[in-house]
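Residue numbers (the UniProt record's numbering), protein chains in the order written: chain U, 1 to 209; chain P, 1 to 174.
The hints are simulated quantities; they were obtained by calculation from the structure and are not laboratory data. Bear in mind the structure is a predicted one, so any value in this text is a computation, not a measurement. A couple of the hints might just be wrong.
To be verified - Distance condition first, Cα-Cα at most 27 Å in a straight line; then the derived DSS-like pairs of lysine-lysine:
#	chain 1	residue 1	chain 2	residue 2
1	U	Lys62	U	Lys110
2	U	Lys187	P	Lys89
3	P	Lys86	U	Lys147
4	U	Lys110	P	Lys89
5	P	Lys106	U	Lys187
6	P	Lys119	U	Lys110
7	U	Lys90	P	Lys106
8	U	Lys152	U	Lys187
9	P	Lys70	U	Lys147
10	P	Lys106	U	Lys110
11	P	Lys116	U	Lys109
12	U	Lys147	P	Lys89
13	P	Lys86	U	Lys82
14	P	Lys157	U	Lys116
15	U	Lys116	U	Lys183
16	P	Lys106	U	Lys109
The lines below spell out each chain.
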Amino acid sequence: MAASVVTWAGLTAIGRVCGHIRSRVLGCSSTLSQVSCLHTSTELNSKHWERKNLIVYPPQQKDEPRRSAEIYHCRRQIKYSKDKMWYLAKLIRGMTIDQALTQLEFNDKKGATIIKEVLLEAQDMAVRNHNVEYKSNLYIAESFSAKGKYLKRIRYHGRGMFGIMDKVHCHYFVRLIEGVPPKVEQKTGFDQAKEYVEQLRNRTIIHSL
Amino acid sequence: MSLSGLLQFVGRSLQRLELRLAQAAGFDSFGPALAVNGPQILPQSHHSSDEENSEPSFLDSIFWMAAPKKRRTIEVNRCRRRHPDKLIKVQYNIEPCPECGNMKLKHTLCGFCYEKVRKETAMIRKQISIIEGGPLNAPAVESVVLYENETPSEADKDKRIVERNRKRPYWFNM
Numbered sequence: 001m002a003a004s005v006v007t008w009a010g011l012t013a014i015g016r017v018c019g020h021i022r023s024r025v026l027g028c029s030s031t032l033s034q035v036s037c038l039h040t041s042t043e044l045n046s047k048h049w050e051r052k053n054l055i056v057y058p059p060q061q062k063d064e065p066r067r068s069a070e071i072y073h074c075r076r077q078i079k080y081s082k083d084k085m086w087y088l089a090k091l092i093r094g095m096t097i098d099q100a101l102t103q104l105e106f107n108d109k110k111g112a113t114i115i116k117e118v119l120l121e122a123q124d125m126a127v128r129n130h131n132v133e134y135k136s137n138l139y140i141a142e143s144f145s146a147k148g149k150y151l152k153r154i155r156y157h158g159r160g161m162f163g164i165m166d167k168v169h170c171h172y173f174v175r176l177i178e179g180v181p182p183k184v185e186q187k188t189g190f191d192q193a194k195e196y197v198e199q200l201r202n203r204t205i206i207h208s209l
Numbered sequence: 001m002s003l004s005g006l007l008q009f010v011g012r013s014l015q016r017l018e019l020r021l022a023q024a025a026g027f028d029s030f031g032p033a034l035a036v037n038g039p040q041i042l043p044q045s046h047h048s049s050d051e052e053n054s055e056p057s058f059l060d061s062i063f064w065m066a067a068p069k070k071r072r073t074i075e076v077n078r079c080r081r082r083h084p085d086k087l088i089k090v091q092y093n094i095e096p097c098p099e100c101g102n103m104k105l106k107h108t109l110c111g112f113c114y115e116k117v118r119k120e121t122a123m124i125r126k127q128i129s130i131i132e133g134g135p136l137n138a139p140a141v142e143s144v145v146l147y148e149n150e151t152p153s154e155a156d157k158d159k160r161i162v163e164r165n166r167k168r169p170y171w172f173n174m
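Sequences are here, hints too, so could you generate the full structure?
The following block contains the structure:
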């Protein structure tokens, strides 16, 4: 939950512990930086999802199937909850971009307008930079939300108690692929149960005759 | 029956009756039944009643409040949060507007068309406010909106004319 009731003594104890941990971590990192860096970051500001648009594949051979265009787009630090955003991201997974835009247009949630803007930006990027011929020929392959950096504020309760309130932010990521969306097989509950029973039956007992 | 046997029986029955009466009264100990000036028989109730009356701390009242017994695991939480009832349902009552081609809900006016009518209405209202000059100056006759190169017709003789400096919009038919 975003809020938790804490007494003043508890918070000062937590602060002291955090200070100890921070000083210890700084001490450790200063010793390690001289030894080696296990991961090398190219630029300070670039994040993984944005960098995925920059990969360049070598030219394809004549017999290879045509690689569909993939467009990665995201928006960071949206003032919305990641759990609430997840419902909208789940709604549009696997839809064509036009269908997703109409569904979001008539949804009353705050995140719907934000995701609609992101999708329109991604569509525009696809047509301009990623050699997509028809802007409607895109479908949403991946769409998900993640937790952004929270700001912390104090929420005042009675009797001198207070809670720490989180001002939630979220990131939203989307990946568009050119082409017709793949058909997902609708599995019934009976089929799933049958598969589960088959899995159980296929188990082998080790060290047996 | 002998007299002594009868007397013994009566005595024993009386003892039993006394014991039962004593147990009913609360004296479970089988010690001396003498009334002694000692400590009170049930001292706890007085102490507890005093404490409750003097300091009703809210920490005590927590003992009678509902609280979760165990932490809800993430699997249980996911089952609740991702239940199909809680997921957003796909709407099937969206159709394209026959006028402008934007999408609209079946039982609602098209947002785009409504917006363009609203903008034109705002301009007409601005024109009316310029003509009237202030509040409460509305005339007691009907108004008619005329666009460029339009003259009032026979039916518009007694009406107030509101002029707009643009050509008639295609959707505004008299």
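Hint by hint, here is what the structure shows:
Between the alpha carbons of Lys62 of chain U and Lys110 of chain U the distance comes to roughly 47 Å, so the proposed pair goes past 27 Å and is violated. Straight-line distance between C-alpha atoms of Lys187 of chain U and Lys89 of chain P comes to about 19 Å, which keeps the hinted pair within the 27 Å bound. Note on Lys86 of chain P and Lys147 of chain U: the hinted pairing holds, with a Cα-Cα distance of about 21 Å set against a maximum of 27 Å. About 16 Å separates the Cα atoms of Lys110 of chain U and Lys89 of chain P, which keeps this hinted pair within 27 Å; it holds.
A threshold of 27 Å between alpha carbons decides the hint, and for Lys106 of chain P with Lys187 of chain U the separation of about 31 Å lies outside it, so the pair is violated. For the hint linking Lys119 of chain P to Lys110 of chain U, the alpha-carbon distance of about 25 Å falls within 27 Å, and the restraint holds. With a CA separation close to 25 Å, the supplied pair Lys90 of chain U and Lys106 of chain P stays within the 27 Å bound. Simply put, Lys152 of chain U and Lys187 of chain U have alpha-carbon atoms about 44 Å apart, too far for the 27 Å limit, and the pair is violated.
For the proposed pair Lys70 of chain P and Lys147 of chain U, the alpha carbon gap of about 26 Å is at most 27 Å, so the pair holds. Distance check on the hinted pair: Lys106 of chain P and Lys110 of chain U sit about 23 Å apart at the alpha-carbon level, within 27 Å; holds. Between Lys116 of chain P and Lys109 of chain U the CA atoms are separated by roughly 25 Å; this keeps the pair inside 27 Å, and the hint holds. Taking the CA atoms of Lys147 of chain U and Lys89 of chain P, the gap is about 24 Å. The hint holds against a cut of 27 Å.
Among the hinted pairs, Lys86 of chain P with Lys82 of chain U is consistent with the structure: their alpha-carbon atoms are about 15 Å apart, no more than 27 Å. Using a Cα cut-off of 27 Å, the hinted pair Lys157 of chain P and Lys116 of chain U is violated, with the two alpha carbons roughly 51 Å apart. A C-alpha spacing of about 23 Å is found between Lys116 of chain U and Lys183 of chain U, which places the hinted pair at or below 27 Å, so the restraint holds. This hinted pair checks out: Lys106 of chain P and Lys109 of chain U have alpha carbons roughly 20 Å apart, not beyond 27 Å.
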